[in-house]
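S.K.: Input sequences plus hints: build the corresponding full structure.
Just so you know, the sequences run in chain order A and B.
Going by my numbering, the residue at position 275 of the first sequence is 275; the numbering climbs one at a time, nothing skipped.
Going by my numbering, the residue at position 143 of the second sequence is 143; the numbering climbs one at a time, nothing skipped.
Hints may contain errors.
Listing some non-contacts, in silico: residues in chain B with all C-beta distances to chain A over 10 angstroms [as the list claims (entries may be wrong)]: (1) Val3; (2) Glu13; (3) Asn19; (4) Phe25; (5) Leu48; (6) Pro49; (7) Asp51; (8) Asn54; (9) Ala90; (10) Pro125; (11) Pro130; (12) Glu152; (13) Asp168; (14) Asn185; (15) Lys194.
Partial list, computed: chain A residues near chain B (C-beta under 7 angstroms) [to be verified]: (16) Pro65; (17) Gly199; (18) Gly200; (19) Gly268.
What the hints contain is simulated information worked out from the structure, not anything from laboratory work.
Note that CB positions come from ideal geometry on N, CA and C, so glycine has one too.
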Amino acid sequence: MIYRDVYEDVIFKAIHKGATVISEDIRISFERAIAEETYPAAKEGLERTYESMLLSEKKDNPACPDTGWPIFYFKVGNDCSLEGGLMGLEEATRRAVEKATRKGYLRSTMKHPLTGYDPGNNIGSNIPSFTYQFVPGDSIEVTYVAKGGGSECFGGTRHRVVAFADGVKGIEKFVIDSFVEATRSGGICPPNIIGIGIGGTANIAANLAKEAACLRTVGSKHPDSEFRKIEEDLFIALNNLDVGILGIGGNTSVLAVNVEYAYTHIAGICVDISCNCMVARRASYHINSDGTYVTMDSPNWFRGR
Amino acid sequence: MGVFHLKAPLKEEDVTRLNIGDTVFISGDAFTCRSMLHRWIFEENHKLPPDIANRNVLIHVGPIVLEEDKSWKLVSFMPTSSLRFEKWGAASVKTWGLRMIIGKTTMGKETMKAMMEHKCVHVSPQCVSPNLWIDSIKVTGVDLLKELGSIEAAWHMTLNELGPFIVDIDCRGNNLYKNHEHIVNTNKTMALEKIGIPNEFKYTKLYGE
Numbered sequence: 001m002i003y004r005d006v007y008e009d010v011i012f013k014a015i016h017k018g019a020t021v022i023s024e025d026i027r028i029s030f031e032r033a034i035a036e037e038t039y040p041a042a043k044e045g046l047e048r049t050y051e052s053m054l055l056s057e058k059k060d061n062p063a064c065p066d067t068g069w070p071i072f073y074f075k076v077g078n079d080c081s082l083e084g085g086l087m088g089l090e091e092a093t094r095r096a097v098e099k100a101t102r103k104g105y106l107r108s109t110m111k112h113p114l115t116g117y118d119p120g121n122n123i124g125s126n127i128p129s130f131t132y133q134f135v136p137g138d139s140i141e142v143t144y145v146a147k148g149g150g151s152e153c154f155g156g157t158r159h160r161v162v163a164f165a166d167g168v169k170g171i172e173k174f175v176i177d178s179f180v181e182a183t184r185s186g187g188i189c190p191p192n193i194i195g196i197g198i199g200g201t202a203n204i205a206a207n208l209a210k211e212a213a214c215l216r217t218v219g220s221k222h223p224d225s226e227f228r229k230i231e232e233d234l235f236i237a238l239n240n241l242d243v244g245i246l247g248i249g250g251n252t253s254v255l256a257v258n259v260e261y262a263y264t265h266i267a268g269i270c271v272d273i274s275c276n277c278m279v280a281r282r283a284s285y286h287i288n289s290d291g292t293y294v295t296m297d298s299p300n301w302f303r304g305r
Numbered sequence: 001m002g003v004f005h006l007k008a009p010l011k012e013e014d015v016t017r018l019n020i021g022d023t024v025f026i027s028g029d030a031f032t033c034r035s036m037l038h039r040w041i042f043e044e045n046h047k048l049p050p051d052i053a054n055r056n057v058l059i060h061v062g063p064i065v066l067e068e069d070k071s072w073k074l075v076s077f078m079p080t081s082s083l084r085f086e087k088w089g090a091a092s093v094k095t096w097g098l099r100m101i102i103g104k105t106t107m108g109k110e111t112m113k114a115m116m117e118h119k120c121v122h123v124s125p126q127c128v129s130p131n132l133w134i135d136s137i138k139v140t141g142v143d144l145l146k147e148l149g150s151i152e153a154a155w156h157m158t159l160n161e162l163g164p165f166i167v168d169i170d171c172r173g174n175n176l177y178k179n180h181e182h183i184v185n186t187n188k189t190m191a192l193e194k195i196g197i198p199n200e201f202k203y204t205k206l207y208g209e
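M.R.: Encoded structure:
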């Protein structure tokens, strides 16, 4: 049995860490980008961003004030026993979000979509959001993602149904067109991590794209060669656009391109793109059935990538 | 491209000499504004609170500010995208007598026109560096906290060499990002060709467009 006070504490730790500590794979990709960037202004921008990101851990403050939508992913062991069950888990998560907002680790960003009402705690209809995977075992893994508004709202999230007649060319053109439109004047905070969902219904493709952008580690590759080729082709193509950090020009426009897929209908291929900003924030913890827990570098959402 | 250290309130000649691509650092009094404050003023017909009415540097930002020992502690600060405020941009420049807007991205045609007429510039950050900025900002007060919430309220900020920001819209109708778009569009054609997508490629239509 995993007790309520244990998982509530771990969920709070995940929010705290996700907002303030940049994960290892993002740090490595920033160091590489700084070393390889040839435009002086872009190099300086990357350096200043990286310096500020690292300072957040010391200063114990959010790496970016836009802590965005609070999104949670749980990998639940089929034999995992939680005090209060999954409803207890969701209640505890809401309390942890409220506490993190009160302490200034999260900005009070979530508001009513029509009236603009700000409850001041990031809690409201369907927010925070919960996604589950069920796996063998008796432990549970929690991943918190701070999904920023810039990369979500200014063209970084797109949907299109591509005809089978257009295939991979249609998919790649859609991604490049979308990215170019979205990065004008740096609205989506490039260099981005691009998630692409291919196949399924519109919502399946959108969820895969979001998970590919926010849960895959930077540097991971799709195991199937045809999807890996799309990742590699688009990584090169997008980095040749000269978008650069915040759209000022430079040879680092994306940090990663991650593709995930579902089987689709013979009628067409849903393609979704989801962008994560350069200050990509997430944190994952694994809680054992005896209540002990460890932090994980990777959410391990897509089995090893 | 020059580097300028400016002191608010800004005079007309402080900003008319700036060109796109120049770097600026700003000191002096400023205030913050997002959608709700724009709406409060321009659609619900309120007046800008008197404490900030004479300030001419506006920051598009939703900071994290905590109250500690009866004073304000700035926890995090990163200018937000100005593009979304375009609907109110020209009115804010004209009615509030702004000389400078600090914000991410840029602004559209109508605001640029107002900026030419009323001598105002837009400057934007080239990095996401809240921790390199928060020590250059003192939060001295706030208006409309209860009415609009902490992120949308009008925060009073006193800046000390806050920057660097790049001038992306000057007073002569130039826009740095607009100029860069042509380069990206040319590169896009080459990038598509490189991965085997011809310039004349058209999507098969699956529904009316």
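S.K.: Holds or violated: A:Gly200 as interface residue toward chain B, Cβ cutoff 7 angstroms?
M.R.: 16 angstroms, violated
S.K.: Regarding the assertion that B:Lys194 does not contact chain A, is the least Cβ-Cβ distance greater than 10 angstroms?
M.R.: Given that some Cβ of chain A is not farther than 10 angstroms from that of B:Lys194, nearest at about 6 angstroms, it is violated.
S.K.: Mind checking the CB of A:Gly199 against every CB in chain B and telling me if the closest is under 7 angstroms?
M.R.: 15 angstroms, violated
S.K.: So is B:Asn54 really clear of chain A, every C-beta pair being over 10 angstroms apart?
M.R.: Fine: 27 angstroms to the nearest Cβ keeps B:Asn54 off the interface.
S.K.: Please settle this one: B:Val3 was flagged as non-interface, so is its CB more than 10 angstroms from every CB on chain A?
M.R.: Its Cβ never comes within 10 angstroms of chain A, the nearest being 13 angstroms, so this holds.
S.K.: Non-interface claim for B:Asn185: all C-beta distances to chain A beyond 10 angstroms?
M.R.: Contrary to the label, B:Asn185 does not stay out of reach of chain A, its closest Cβ about 7 angstroms off (not over 10 angstroms).
S.K.: Classify the label on B:Asp168 as holds or violated, using whether its beta-carbon is more than 10 angstroms from each beta-carbon of chain A.
M.R.: 7 angstroms, violated
S.K.: Verify that the Cβ of B:Phe25 lies farther than 10 angstroms from every Cβ atom of chain A, and report whether the claim holds or is violated.
M.R.: 14 angstroms, holds
S.K.: Taking the closest pair, is the beta carbon of B:Leu48 still more than 10 angstroms from chain A?
M.R.: Check passes; 19 angstroms lies beyond 10 angstroms.
S.K.: Would you assess whether B:Asp51, listed as outside the interface, keeps its beta-carbon beyond 10 angstroms of every beta-carbon in chain A?
M.R.: About 22 angstroms separates B:Asp51 from the closest Cβ of chain A, which puts it past 10 angstroms; holds.
S.K.: Please settle this one: B:Glu13 was flagged as non-interface, so is its CB more than 10 angstroms from every CB on chain A?
M.R.: 27 angstroms, holds
S.K.: According to the definition I'm using, a residue is off the interface if its beta carbon is farther than 10 angstroms from all beta carbons of the partner; does B:Pro49 meet that for chain A?
M.R.: 19 angstroms, holds
Of the numbered hints listed earlier, those contradicted by the structure are 10, 11, 12, 13, 14, 15, 17 and 18.
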